[in-house]
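Whole structure, please, built from the sequences with the hints as guidance.
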Amino acid sequence: MKLHIQNLSKTYPNGTKALNKVNLTIENGMFGLLGPNGAGKSTLMRTIATLQEADDGTVMLDELDVLKEKHEVRKILGYLPQSFGVYPDVSAQEMLDHFARLKGIHDKAERSDTVNALLEQTNLSHVRKVKVGTFSGGMRQRFGIAQALLASPKLVIVDEPTAGLDPVERTRFSNLLAEIGEQIIVILSTHIVDDVSDLCQGMAILNKGTVIATGKPLELMSEAQGKVWEATIEKSEHEAYQKSCNLISYRHFSGKLIVRAFQDASPGDPFSPTKATLGDVYFSRIKEADHALV
Amino acid sequence: MHLFKEILLFEIKYRLKRPSFYVYTTIALLTGMLYGSILSGGLGPETTQSMGVGGNNLANSPILIHTLLLAIAQIAGLFIIAAFMAVPVFRDFQRNAHSLFFTKPIDKISYLGGRFMGSFLIVLFILLFLGVGMAVMIHWPWEDSGKLGPFVLWHYVNPYLVSIFPFAFFTSSIFFAIVTLSRNELFIYLNAIVMLVLFSFASTLSNLVDSKVLASLLDPTGSVAIVKHIEFWTVAEKNTQVIGMFPLLAWNYVIWMGVAIAIIVLTYRNFSFSYARPKMLKSSQKIQERGSIPVNIHLFGRTVSLPKVSLSYTWQNHLSQLWLLTKMELRRIFRSPVLWVMFAVGVLMMILTLLPFVQRMAGMGASTYPVTYGMIGSIVGGFGLFIIAAIIFWTGELVWRERHHRINELMDVLPTPSGINLGSKFIALLSMPVFFLLGGILIAIIAQLVQGYFRIEPGLYLQRVLGIEMIDHALFIVLCLFIQVLSPNKYLGFFICVLAFFGFGSILPSLGVEDRLFRYMSGYRLSYSDMNGYGPFMHPYMSMKAYWLGAAILLGISGAGLYLRGTENNWIARFTQLKQSIRKPVVLGATLLGAALFLGFGSYVYYNTHILNDFLNSKDRNKEQAEYEKKYKFLEGKAQPKITDVTLEVDMFPETQDFHVTGQYKLKNKTATAIDSIVFLPSLGNVEYSKFELSRSLKERIEDDDLGIFLLVLAEALEPGDSLYLDFEGDYQTNGFPNNGLDTRMAENGAFIPHSYFPEIGYNPLYEHTSPEVRKEYGLPKREFRFPPRTDTASLEYTLIARDSDWINFSCTISTEADQIAIAPGYLQKEWEDNGRKYFAYKMDSKMLKFYNLLSGKYEVMKEQFMMYDSIPIDLEIYYHEQHDYNLEAMMDAMKKSLSYYTENFGPYQHKVARILEFPRHHGQFAQSFPNTISYSESAGFIIDAESSDVDMPFYVTAHELAHQWWAHQVVGGAVEGFQFLSESMSQYSAMMVMKKELGEAQIEKYLQHELNQYLKGRGGESRKENPSHMVDQQFYIQYNKGSLVMYALQDYIGEDTLNAAIRRYVDAVKFQEPPFTTTLEWMDYIRAATPDSFQYLLTDLFETITLFENQILETDYEEQNDSSYLVRMKILTEKKRDDGEGEETNIAIKDYIDVGIFARKKVEGEWEDVPLYFQKHQFTQDTTELKILVSSKPSKVGIDPYHKLIDRTTSNNSKRIQKKSN
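In order, the protein sequence lines correspond to chains G and Z. So that you can map any letter, position 209 of the first sequence is 209 in the working numbering, and since no number is skipped, the others follow by simple counting. With positions in the second sequence counted from 1, the corresponding number in the working numbering is that position plus 10000.
It should be emphasised that the hints constitute simulated quantities derived from the structure, not laboratory data. Watch out, some of these pointers could steer you wrong.
Chain G stretches covered by chain Z per the calculated footprint, using a threshold of three residues with CB under 8 Å from any CB of chain Z [said to hold, decoys possible]: (1) 48-62; (2) 82-90; (3) 102-110; (4) 240-246.
Derived coverage of chain Z by chain G (criterion: at least 3 residues anywhere in the stretch with Cβ under 8 Å from a Cβ of chain G; other residues may be distant) [what the hints assert, rightly or not]: (5) 10317-10323; (6) 10409-10417; (7) 11106-11119; (8) 11168-11178.
Glycine included, each C-beta is placed from N, C-alpha and C at the ideal position.
In structure tokens, the structure reads:
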């Protein structure tokens, strides 16, 4: 299956350009959508998930016009919104069963097998009788993915699922996503670079409504190899280095700063070459795009 | 306390910054302006009158301003208070700001006190705008209507000080406390409901509790105390006096302010600066997974294998989804305390209306049997508003539920059609009224059984409550769903729903949109009759509802189509979604069905209400009525012949609600001038004439069908003493149904044709507009609507009963369906069957007034021949509906005893037959006395529970109506002041005397107490001028209530026999007289002649003036004498006053005989009673008198006029418990 997004644009009434002629082709497997807050990730996700209208452009899932035939899309869609609530007084199992029926699984035995399998898969079996309202954040997200996977969806959209999770929960959730499979399209939006590098076969970086990079994570990383330099500097030197070289990130370490630069030639001492990460790709592309806009 | 001022100012500043402050201030101002405009006539004269303004009642009387402001404050103010007082502290929790505040060094008093006072001051400020708005509009320079007193600022300020501020404080403290302590928004709603009910409950309760003190203290708003306080105020007092702080109100405030302060103290004590309520802790703890679950790193590509599922989207599956969602919604509704509180309060309200003593207080002291339709009325009345409120509230909750729980994005991406989702909400909402009403039916049936009534009609319950009522609820639910789907938020949705409810019901018609076709949900007011079912109402009602059902289907489909799915409100997309949804065959089918119903029944209703029948709104009708006067007023004084003979042949077709009439009148010129033209009012009931011919040739014939006037100009004038005949033939046809004013007279069982459906002669001023405002609007000259004085000889030429006749000869043949009996005044001459129809020929053998009705129904008959004084045979007949046999014996008994008393005292009965018959209640709820025939509405006597009151109502009403056979049908006054004294007051007197003979004086005295209260209340509501009883001018509180009082007093003072003898002489002199007719002046001549000199003053007091007393025992005690007798000392106040009819009272010198009584407490037949030891009339000549009276046993109570024979505004101080003299 292929999801073709062509020239998708969206401007909000307040003038914010959320999507600007977005073109993407997404194939089966996990696809990561990376971008800073407000880049338009959620708008794109919600548009594909039939929850919003686009001003312009098309979204085709093979032959299916996603923007027009919403009802058909919903039959094969699994969606985990960025944040969601639950009815306070309903247990996980009941709630999943409820969604399963609404998704069209009417055979009782089938439904119960699916619900149990999903609870098992998401490690929620032991709390199946517990009210979802009392779940911790991680459990709630796993419940969210369980409901999204009901009824064998062909297209799964997961909007910033790991935001707010602690490291253990995040790993647990990533593993779960990784298991979903290669036969369907899974689109994952996040602003955490590691989520994408760990999980995704394909990715795109979105900034201010525009796609500024797309490809496979490994390919994008290999393009950047040899261009990333790292140095440990005094805090007071930061400003000077910012002027003299293309710094893309910095972090504090033992009272000093570790900064990374992205450029073809070495910025010189104290910089030394280092292995490029997806993070470097991300920061450099964003910086590039922002400069281009100025 | 140190931060109190800071927090107070912060709160006020915060409030002033919020838009809600300005919104509510505007609402308060507009509400005040609305009522101000209503009072001052800005919204048209009709609305003004509904507020009791008019005549002498000023639009800005301090009483009206006070009571109205308080009433508005109770409703509008409640919402303002709920909006502002519930949240000052709760807000911090809601926004999670409490952790910021609570960690600051703030003390509780400053925090709570500051927040409370800040918001409370804001509330008071907003409430002021009610008065501002009202004052502005009352004194708005509309065209001067002359009903306005000068502007007095104090009249607007005083209500705030006396009533509104205390009310606001009480209510505010409760809202503040409940929400601050519970920290739950739900309690705002719950509390608002409970408070609203509490207030309405208090005023209902006040009608039940005999004790004025208790009733006043029970009502936290103080309204009851005020209503009781001003109960007997005259118009003049109401126009000038303000309601100050009187003791009962002060005590009320002491109690309720105490409660409010206690609540505040309680709030202070229980409030703690903690993160959460202790109870809440449990549920806010998130569960943590036990143990550590190993973090397994899986390899890429390990596919999850889930069991295979099959998906299907058939309609059966959709139905099962619908049921699934419905169950979910039902659980939501029925688990909420709001529903149960509403239900409980509804049950309470219903039980209240069912309690027998409630009904007793409401009516004239008697209640009806718990017939099923009455029970249905209680169910619908008890639950009605709660159901509406519940629907509005729950529609909002359900439509916004997914978004409230933030589960909407999960739901919206499911492949379930929106219609299924909305449909499930609809069904769940529908279950709520079903539940309420079923509960109501259950209680009603229990109530019937408890009262020993076993004719339970389950079918009728189900048909009305679960059938008819549910149609309306379903229609309203669909409308509310639609509104909430389109509304940008829940609260605006609530507001629009409320607006829609009142808009379609009452606001649109008041704006001139009366056509039912434009008012969603409108139908016809259904009135059930045991005799006739829903009779003529059902068909038009159902046609309207089918029309609205079509509209509701279309609304529902639009609602589902426009249902917002997704996170963005995009109208273009929503309309696209709607268009797409209609393409589905099922939806398309439903749309076509809805459109077909809407258009089909719409056309059908239009055909009926606009083509078969003329559509007239009230403006049109007012205009026609004005036209009638403008065009034909000149005919009023014109000499016209009088009808002397009426012969009718009427074929009634109750099944098709038609009749055919052939009739002949004999007309005679009784005047001294020749008559050249005759004016007819052909029919008040849309009879179309095919023949309307005089027995003489005409010069000209004018038929004004629009205004219903025929003017026939004779070729040759009718000379004095000459006669001619009118022959007419016509049809009354019921064609479909009109938009308003269904004519239900030709009912299938119990058809009732009044004489006014047949031709009347002359221009009738009774059909002129009486309201001065309406007259002005239509350019009619100012006219005072008063009866002419008794000296106006022209008006003595005719009676008020019929202007176009004196006494007539009457015969009538009626044919009707084979299973019915037809009845007209007179005696049955012949009865036969022909062609499957029954014929009844009636003829009256004596003179009678032209005042009759023709009935036909499926009657049971009870007949008895009564030998009066063992010598005069009278046939007594009762025609009744088979189920209504409760009071037949009492009615028979009353007829016998009344006929005997009246014959003995007032002269012979003019007929050989007396009959009572029953007619369906949708013709009206009255009893009326026609010649030898008394018609009772089925609810006005036949189903009254005679044991439910002190006075046996069926007996009393029968006695009163039978008395009219003398008072009106023998002695009838001219059309002048005092006419109703001769008919109604004399009938009241006659019936009371029969009752006195039957039950003894003690019973009558209880009845008189009721009459006194009614009279005093009635005069307080007088909008023109109060007349003395002998000049009564269609004033119910005088002709009935005061009539009873003054006549009873008269017979008490001069003696029953003396009075009756005088009355007898009067009757003999005037009965069946030809014009000029008698007046109360003539009546008085006979009474004066029979009254001893010492009581002559009394006749002036009782009949010719408005005389009031203030009789009071000021002090009393007793001393035991040596001979074991007791010397009673009493100091008595006897003030006598005259009222000029407009509330101006002057004290006058007293020289009156008044009862003085001394009582002892004794056991009579096992019950303690005050038995008179001494009872004498004493003459009083000064305002204060001291009496010393020796009695033989120990006194318990003394009284001045203890039985209230004289009119006294405070009767509670007429008697006093007596104490032993302290030394």
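Here is what the structure says about each hint:
1. 48-62: Coverage by chain Z holds for the segment 48-62 of chain G (5 residues, Cβ < 8 Å).
2. 82-90: Coverage by chain Z holds here, the residue count being 7 at a Cβ distance below 8 Å.
3. 102-110: The restraint on the segment 102-110 of chain G holds, since 7 of its residues have a Cβ under 8 Å from chain Z and three suffice.
4. 240-246: With 0 residues in contact (Cβ-Cβ under 8 Å with chain Z), the coverage given for the segment 240-246 of chain G is violated.
5. 10317-10323: holds (count 3)
6. 10409-10417: holds (count 9)
7. 11106-11119: Three-residue rule not met by the segment 11106-11119 of chain Z, so violated; n is 0.
8. 11168-11178: violated (count 0)
Taken one by one, the earlier hints fail for this structure at numbers 4, 7, 8, listed in ascending order.
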